[in-house]
Each structure stands twice: as C-alpha cells, then as structure tokens.
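Engineer: Here's the letter readout for the chains.
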Amino acid sequence: MNFDLRFPLGLMFAIFGLILIGVGIFSSPDIYHKSLDINVNLWWGLVLLIFGGVMLKLAMHKK
Amino acid sequence: MNTLTAYIHLTPVDYAILIIYFIFVLGIGFALKRFMKGSKDFFLSGQSIPAWVTGLAFLSANLGAQEVIGMGASGAKYGIMTCHFYWLGAIPAMVFLAIFMMPFYYGSKARSVPEYLKLRFDEKTRAFNAFSFAVMTIFSSGISLHALARLLETLVQWNYWTCIFVSALIVLVYIFLGGLTSAIYNEVLQFFMIVLGFTPLVFLALKDIGGWSALKEKLIPVAVNQGYAAGTWTHTWIHLGSPIENPMGVGPLGLVMGLGFVLSFGYWCTDFLVIQRAMAADSMSSARRTPLIAAFPKMLFPALVILPGMIAMAMQQQSRGTFLPTINGMTDYNMVIPVLLAKYLPTGLLGLGLTALMASFMSGMAGNVTAFNAVWTYDIYQSYIAPNKSDQHYLWMGRWATVFGILVSIGAAFLASKFDNIMDMLQLVFGFVNAPLFATFLLGMFWKRTTGHGAFFGLISGTGAAALFHGLALSVGDLPGIKGGWLHPCFLFRSEMGQNFWIAIVAWTVCFGLTIFISLITKRAKSDEELVGLVYSLTPKPAVVNEPWHIRPSTLAIIVLICVLILNLIFV
Chain A
1 MNFDLRFPLG LMFAIFGLIL IGVGIFSSPD IYHKSLDINV NLWWGLVLLI
51 FGGVMLKLAM HKK
Chain B
64 MNTLTAYIHL TPVDYAILII YFIFVLGIGF ALKRFMKGSK DFFLSGQSIP
114 AWVTGLAFLS ANLGAQEVIG MGASGAKYGI MTCHFYWLGA IPAMVFLAIF
164 MMPFYYGSKA RSVPEYLKLR FDEKTRAFNA FSFAVMTIFS SGISLHALAR
214 LLETLVQWNY WTCIFVSALI VLVYIFLGGL TSAIYNEVLQ FFMIVLGFTP
264 LVFLALKDIG GWSALKEKLI PVAVNQGYAA GTWTHTWIHL GSPIENPMGV
314 GPLGLVMGLG FVLSFGYWCT DFLVIQRAMA ADSMSSARRT PLIAAFPKML
364 FPALVILPGM IAMAMQQQSR GTFLPTINGM TDYNMVIPVL LAKYLPTGLL
414 GLGLTALMAS FMSGMAGNVT AFNAVWTYDI YQSYIAPNKS DQHYLWMGRW
464 ATVFGILVSI GAAFLASKFD NIMDMLQLVF GFVNAPLFAT FLLGMFWKRT
514 TGHGAFFGLI SGTGAAALFH GLALSVGDLP GIKGGWLHPC FLFRSEMGQN
564 FWIAIVAWTV CFGLTIFISL ITKRAKSDEE LVGLVYSLTP KPAVVNEPWH
614 IRPSTLAIIV LICVLILNLI FV
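Protein sequences appear in the order of chains A and B.
First residue of the first sequence? That's 1 in our numbering, and the numbers climb one at a time after it.
First residue of the second sequence? That's 64 in our numbering, and the numbers climb one at a time after it.
Calculated from the structure, these hints are not laboratory results.
Note that this is a predicted model, so its numbers are computed, not measured.
Note that CB positions come from ideal geometry on N, CA and C, so glycine has one too.
Just so you know, not all the hints are guaranteed correct.
[As the list claims (entries may be wrong)] Label pairs and their in silico Cβ distance ranges:
(1) B:Pro-611 to A:Leu-58: 15 to 25 Å
(2) A:Phe-26 to B:Thr-262: 19 to 29 Å
(3) B:Trp-224 to A:Asp-37: 18 to 28 Å
(4) A:Leu-46 to B:Gly-101: 39 to 49 Å
[As the list claims (entries may be wrong)] Far from chain B, by Cβ distances over 10 Å, these chain A residues were calculated:
(5) Ile-19
(6) Ser-35
(7) Gly-53
(8) Val-54
(9) Lys-57
(10) Ala-59
(11) Met-60
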C-alpha cells in the first residue's frame, strides 16, 4: 500500500509545533503563571516542530 | 462535583488544535478509501502494515481513555502498586502472545479469534465466543462514548448529546471509509497525541511538587494516615505480604495468579480487539514483533498516567483534601488528570492535552467498532446468515456493520447515561465470560487431545463458576447484591479488586480442569492433519527468516523481559 503514515503524522505535529511557537511568542507572560513561569508553549512547540520535521524527513527520504 | 462552573476555558487556539486534529483524522479515512478493494482490506488491512505501526496501534487500542482516567485515579488511590497492571498484568502476557501464540493466529487461515476457535474446535465454541465478543465490544464502545461525553460536559460544559453525536459521527466516517487501516493509523496518531500531550503535564506537576524524592516524602503521610506503612505508596512489592498491608487489599497469590496470569493472559492473548492489530501486520515476523514493540512504551506508560495520580494524591494531602473535587461527598479520583490539565497547562498546550484526551476516547471506541465489524461479518453474518456471497458483498456488509455498530453504541451510551446499574451489571457478566477464556486457548494450542466438546463445556462451566463464586464472595463494606454475595457471602475479601482476582482464578481453574476431563472422555473430531498450523506440537517451527538478530522476535522478547525486571527491581 502506497501510503506512508509518517507523512500525515509529521505534518500534523509540525503544524501543532508552529501554532504553539506562535502562541509562545505572542502571548502575554501572565498566562504562564500556572505553568511555573515557564513559557511551555514556546518550548514544547519547538519539540513538536522537531518531531514533526524528523517524521517528514524520514517519509520523504524513503521515496 | 457539584458546582456548575467549567474547569477548563478554551480559547480559539485550543479549538484550532482540536479542529486540525479532526481534519487529519478524517483526512486519513478519505485517503485510505481507494485502498479498500476487498473484505480483507477492510477487516485485516490486507495484511500490509509495517510492524512499528501495528505495534503502536496494538498499544493504543487498549489505551482507551478509561485507561488514562482510571489509571490516574488508581495511581492516587493505590500509589505505585498500580504499576502491576502494566509490569505484571500486561508485559509477560504480551511476550507470551508474541512468541508462542502469534504463530497460530497469524499462521492459520483464521481471520479472527472466533474463527480460530472454529478451525481448532468446532462451530459451537466459535459461536459462543463470537456472540459474546460482539455484544461485549459494542457495549464497551458505548461506554467509551458515554464516558467521553460526561467528561466533556463536566470539563468544558459542552452539551452531552452534541458530544455523543459529533464523536460518533467522526469515528463512523473514518472507519466507514478506511476500515481497520483507518482505525490503526488513527490509533498511531492518538498514541503520539497522548505521549506528546501529557509529557509537559507530568513534567510541570513533578517539578511543582519538588521532584521524585520530594514526592516520596509527601506520600508518606498519605500512607500513614490511612494506617499503612510509610512507603506503601512508593513501593510495588514490599507491602504485598498480605491484603491488609496495602490499599489494593490484595495478597501475593491473588495478585500474581489473578492479575498476572488469568486476567492478563486472558485479555492480551485472546481478545480480538488487540490481536486484530497484530493480524494486520505485513508478515509473520512483523505480527510477532507487534506486541513486543508495544511492550516498550507500555512499560513506560506508568510515568504518564500513574505518576500524575500519585502527584495529585500528594497535593490532595497538602491541601487537606481540597485539591480534588468531590462527588456525593466522596473524593472523585477520576478527576485527577483533568484537574492537573486545568491547573498546569496554559492555553495552547491545554488544547493539545484536551485533544489527546478526546483522541484516546475516540480511538478506544474505534478499536471496538473495527473488532465488532470483523466478528459480525465473518463469524456471524457469513457463517450463519448469508454464506457463499461475493467478497464485495462482505465488504459492503462490513461498511454497514460500522453504521449499525455505532448506532448500537449510541444506544448503549444512552442506557449508561440513564441507568448506572445496567452498565455495572453488563461489565460484571462480561467479566464472567472472559475469565475462563485463556484456559481454553492454552489447552487448544498446546494439547492436541483437547476436543470441541471439552472446550465448549469447559468455557460454559468456567463462566458459570465465575457467576457462582461471585454469589458466594463479598468484599468488606459492600452489601450483598450486584457487588457479590447474592447467594450467601461466605468468602470475604478485603477489597473488590481482590474479590475480582479470585473470581477469575476460580473460573480459570474450573474451565481448565473440566476441559481436560471432558476432552479425555470425548472423541477427537479433528485429525492431526486438520490441526496443523493450529496446535503447537503439530506445527513446524517458524523458519528463521533472513533478518538481523537484533530485530528477531526472540531477541526483542528477552530485552523486554530484562527491562521489565529492572523496573520492578528499581521500584520494588
């Protein structure tokens, strides 16, 4: 079957990563009181973007 | 909880994440539609899926949200002992399935677990298993649906029935289009959602409480206040000497035999819901690797689901019992994960966490629906209602069985929302049916003398024995009735969990003994030739295929067992 799951998987998490990074950059620091004053959106967005990117890279590499 | 304020306030960003997720879920269904050419594509994914995908789906299908919510609750109530449900109650059975049983499921021509029973034994054994499985699985799907809607109603104040219909419709569309493949792919998506959605939550909660050693300190008063030894919440084995030493109320024999053997092997080695995922793999070797690949994340999952429960319990102690909400005057432990989500995650990550939670409910439901489809179409419809139709006809039937299955699920959710007792009753009966199953499979696969009559009457008696023993057993503090003891409560247990473990042990033992006895006094109906590929001693060993040693099933199995042993030793 010519359908590599890593492609949608990677794409989805890359999009989530970009959204979270965007929120992390533009949101006011006040919303991070609950997350122990850590900008978790920015950091975790980066993690998701890297994860998504690696998946996409693997999916394209195979072709 | 009794207030009517929502726990979680979502912003447009959170909704955007939720909607993007559903677009991908449905998109996968549409993308797969063109591959669904015959019934085998729809029910068994054309046996074409790579092992890493079936492995993660195998894990995910079991990881419904009841699991996430329930394990969080148990982590709070019992502490790290809850890990036994993973390290003792899952991993050994998964290894056994991979090494000893998968060759027969994948290697025989069976397309489902009930069909294996027909090939190995006879029609009546298959019918019993197929009908009970079909009913159980569709009710489980309904219970998932109900639990999801109830949770969202509480958390974000969405309308209960809107939640039911929207989630049912999404699951319906993607399975109708892409069958098992769609369900499997979405289960993998869901696996990563859970892992990547909950990791920051656990990190923040653990950091807030002051790390693992601080958590251990803070759980000491939790144990001592309830009359247990100081380290009860942070040791898995030390406080298992007798049922009075631990909050689970179980002793070593009940735990190891009941959970570690009967219930665990009964579920992982015979339940078509999980085995269907392995049967979809692209080769025998991949099918055998499926449960082993699942075992690695499985043994680490306690960090994602049980640890938050333990942290919440420490906070509950610190806050003098105000951290968790109450329901009818009792602490509502099921709110552990939702309360932590609301406490630590800011908008953005909150959307991701909530989506992960919804994803796990929906894939739990989808898993049940796909297993139901296959059993309904192959083992009931094709066998008893409309045999000898074209393959296209069965593909058509499978699609409509999806619609039917989802409608019945909605009906079951409706029942669950109106009558709590009906669901308790059903789950009780399902437990009776499931408890003896592994005895039948074990004897069937490893003793060629086992006969169809032996298997069938052994199963029925095992189920009956479970019901009977339930009538004689009661746990401390319960009234005779649906909780047990309705005949005469002569066996008293310290907890309902201990009672359940022992009911399972009794059912299994009766089934095992009677199956042997009846097999010995009845004639074999199947010759040795007919049993090739179905029974261990009559089947040639799987040839060692040309693959590097480090990905062979036996190597992986040994690594899995060593890792789980190490985990037990660290947290002994």
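Engineer: State for each hint whether it applies.
Structural biologist: Tested hints:
1. For Pro-611 (chain B) paired with Leu-58 (chain A), a C-beta distance near 20 Å keeps the hint of 15 to 25 Å intact.
2. Taking 19 to 29 Å as the suggested C-beta distance range, the pair Phe-26 (chain A) and Thr-262 (chain B) conforms, at roughly 24 Å.
3. At roughly 40 Å, the beta carbons of Trp-224 (chain B) and Asp-37 (chain A) sit outside the given window of 18 to 28 Å.
4. For Leu-46 (chain A) and Gly-101 (chain B), the Cβ-Cβ distance of about 44 Å falls inside the hinted range of 39 to 49 Å, so the restraint holds.
5. Against chain B, the non-interface label of Ile-19 (chain A) is violated: not every CB pair exceeds 10 Å, the least being about 6 Å.
6. At roughly 5 Å, the least C-beta separation between Ser-35 (chain A) and chain B is not larger than 10 Å, which violates its mark as non-interface.
7. No beta-carbon of chain B comes within 10 Å of the beta-carbon of Gly-53 (chain A); the shortest separation is about 14 Å.
8. No beta-carbon of chain B is positioned within 10 Å of the beta-carbon of Val-54 (chain A); the least distance is around 12 Å.
9. At the 10 Å boundary, the C-beta of Lys-57 (chain A) stays outside the reach of chain B, the nearest C-beta of that chain being 16 Å off.
10. Distance check on Ala-59 (chain A): its Cβ is at least 13 Å (rounded) from any Cβ of chain B, clearing the 10 Å threshold; non-interface status holds.
11. No Cβ of chain B approaches the Cβ of Met-60 (chain A) within 10 Å, the least distance being about 17 Å, so the stated non-interface status holds.
Comparing the model with each earlier hint shows violations of hints 3, 5, 6; every other hint is respected.
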